[in-house]
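Asker: Sequence:
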Amino acid sequence: MDLQLVIEYGWVLIVLVGLEGILAADNALVLAIMVKHLPDDKRKKALFYGLAGAFVLRFGSLFIISFLVDVWQVQAIGAAYLLFIAIKHLYDKFSKRGNEEEEIEAEAKGSGFWTTVLKVEIADLAFAVDSILAAVALAVALPPTDLPDIGSLDGAQFGVVFAGGMIGLIIMRFAANLFVKLLHDRPGLEIAAFIIVGWVGVKLLITVLAHDAIHVLPHDFAHSTVWKLIFYGVLVAIAVAGWFLSSNKETEKQA
Numbered sequence: 554m555d556l557q558l559v560i561e562y563g564w565v566l567i568v569l570v571g572l573e574g575i576l577a578a579d580n581a582l583v584l585a586i587m588v589k590h591l592p593d594d595k596r597k598k599a600l601f602y603g604l605a606g607a608f609v610l611r612f613g614s615l616f617i618i619s620f621l622v623d624v625w626q627v628q629a630i631g632a633a634y635l636l637f638i639a640i641k642h643l644y645d646k647f648s649k650r651g652n653e654e655e656e657i658e659a660e661a662k663g664s665g666f667w668t669t670v671l672k673v674e675i676a677d678l679a680f681a682v683d684s685i686l687a688a689v690a691l692a693v694a695l696p697p698t699d700l701p702d703i704g705s706l707d708g709a710q711f712g713v714v715f716a717g718g719m720i721g722l723i724i725m726r727f728a729a730n731l732f733v734k735l736l737h738d739r740p741g742l743e744i745a746a747f748i749i750v751g752w753v754g755v756k757l758l759i760t761v762l763a764h765d766a767i768h769v770l771p772h773d774f775a776h777s778t779v780w781k782l783i784f785y786g787v788l789v790a791i792a793v794a795g796w797f798l799s800s801n802k803e804t805e806k807q808a
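Residue numbers (the numbering used here): 554 to 808.
Rather than coming from a laboratory, the hints here were simulated on the basis of the structure. Being a predicted model, the structure only gives us computed values, none of them experimental. Every residue gets a Cβ at the ideal spot worked out from N, C-alpha and C, and that includes glycine. Heads up, some of the hints might be wrong.
Pair ranges (Cβ atoms, derived) [said to hold, decoys possible]: (1) F637 / P701: 28 to 36 Å; (2) K598 / T778: 48 to 56 Å; (3) L556 / V787: 20 to 28 Å; (4) F774 / I640: 23 to 31 Å; (5) F637 / D594: 35 to 43 Å; (6) L735 / V609: 22 to 30 Å; (7) V755 / G708: 25 to 33 Å; (8) I567 / P592: 35 to 43 Å.
Straight-line distance between alpha carbons at most 25 Å, and here's what the computed BS3-like set of lysine-lysine pairs gives [what the hints assert, rightly or not]: (9) K734 / K646; (10) K672 / K646; (11) K672 / K641; (12) K598 / K646; (13) K734 / K641; (14) K589 / K646; (15) K597 / K734; (16) K734 / K589; (17) K672 / K589; (18) K672 / K595; (19) K672 / K597.
Using the sequences and the hints given, assemble the complete structure.
Answerer: Below, the structure written as structure tokens:
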């Protein structure tokens, strides 16, 4: 793998780690609220079993998606889903619908131990689909390598998606508090993360429109340098705006 490929793959992995960190922190908060009604000892076990199951579910989801990713109908569904969750999250955020944490906690109350574990696993599967679809949408445009294919993905593309997914789980388990603090200090980063998810959905839509079966856009456009520069330029601009336009609460307290 030459230097240009290493840089391109490394850049995508950095983007995935940042995106996974912010999404995993938000997801970890949801899971913590879901097990809040259990006694301390059972609360830890529920999270452990839930995250252990999540590892298997993520791994299975990744393999299924990797075999179907080259089907343009699957790509279209993925693009629509990413755009939907981005728009829905932003709508809920700005319309200030009730207290979401209280709603989740009220729904979880009364659930037994194994019912709670099942809910945690289902919730994490939903989170996994979000992040894996976003990771795959980023990976499919990466240049192929000499590594053997896994499903419809090049071996290196699969490796990047797998690494991003596993890092997301590690963050959710061990480093969520750091990202929760970051989101508390810079709340605009969460909004930026979901705008990026929507932008990744646009990227996947471009791939669909450039597919040979659709051919609305030229086939080479989705993999062109011009489109890559536009995509990553906008992505960086969103992230930078999320950081600098978000008030730093620690700074405000000290002022």
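Asker: With respect to the beta-carbon atoms only, verify the hint that K598 and T778 lie 48 to 56 Å apart.
Answerer: holds (51 Å)
Asker: Quick one: are F637 and D594 within 35 to 43 Å, going by C-beta?
Answerer: With Cβ atoms ~39 Å apart, the hint holds.
Asker: Assuming the hint says 23 to 31 Å, is it satisfied by the Cβ distance from F774 to I640 or not?
Answerer: Holds, at about 25 Å.
Asker: Between the alpha carbons of K672 and K646, is the straight-line distance 25 Å or under?
Answerer: It holds: about 23 Å lies between the C-alpha atoms, which stays within 25 Å.
Asker: So if I understand the rule, the pair passes when the alpha-carbon distance is 25 Å or less; does K672 with K589 pass?
Answerer: holds (13 Å)
Asker: Need the status of pair K734, K589: alpha-carbon distance at most 25 Å?
Answerer: holds (20 Å)
Asker: Quickly compare the C-alpha distance for K598 and K646 to 25 Å and report which way the hint goes.
Answerer: At roughly 32 Å apart (the allowed maximum being 25 Å), K646 and K598 break the hint.
Asker: Hinted pair, alpha-carbon criterion (25 Å max): K734, K646. Please report holds or violated.
Answerer: holds (19 Å)
Asker: Go ahead and decide if the range 28 to 36 Å is satisfied by the Cβ distance of F637 to P701.
Answerer: Once the Cβ atoms are compared, 34 Å apart, the range 28 to 36 Å for P701 and F637 holds.
Asker: For K672 and K597, compute the direct alpha-carbon distance and say whether it is at most 25 Å.
Answerer: holds (15 Å)
Asker: For the range 20 to 28 Å, tell me whether the beta carbons of L556 and V787 fit it or not.
Answerer: For V787 against L556, whose Cβ atoms are near 25 Å apart, the range 20 to 28 Å holds.
Asker: With a cut-off of 25 Å on the C-alpha distance, tell me whether K589 and K646 pass.
Answerer: holds (23 Å)
Checked against the numbered hints given earlier, the structure breaks only hint 12 and satisfies all the rest.
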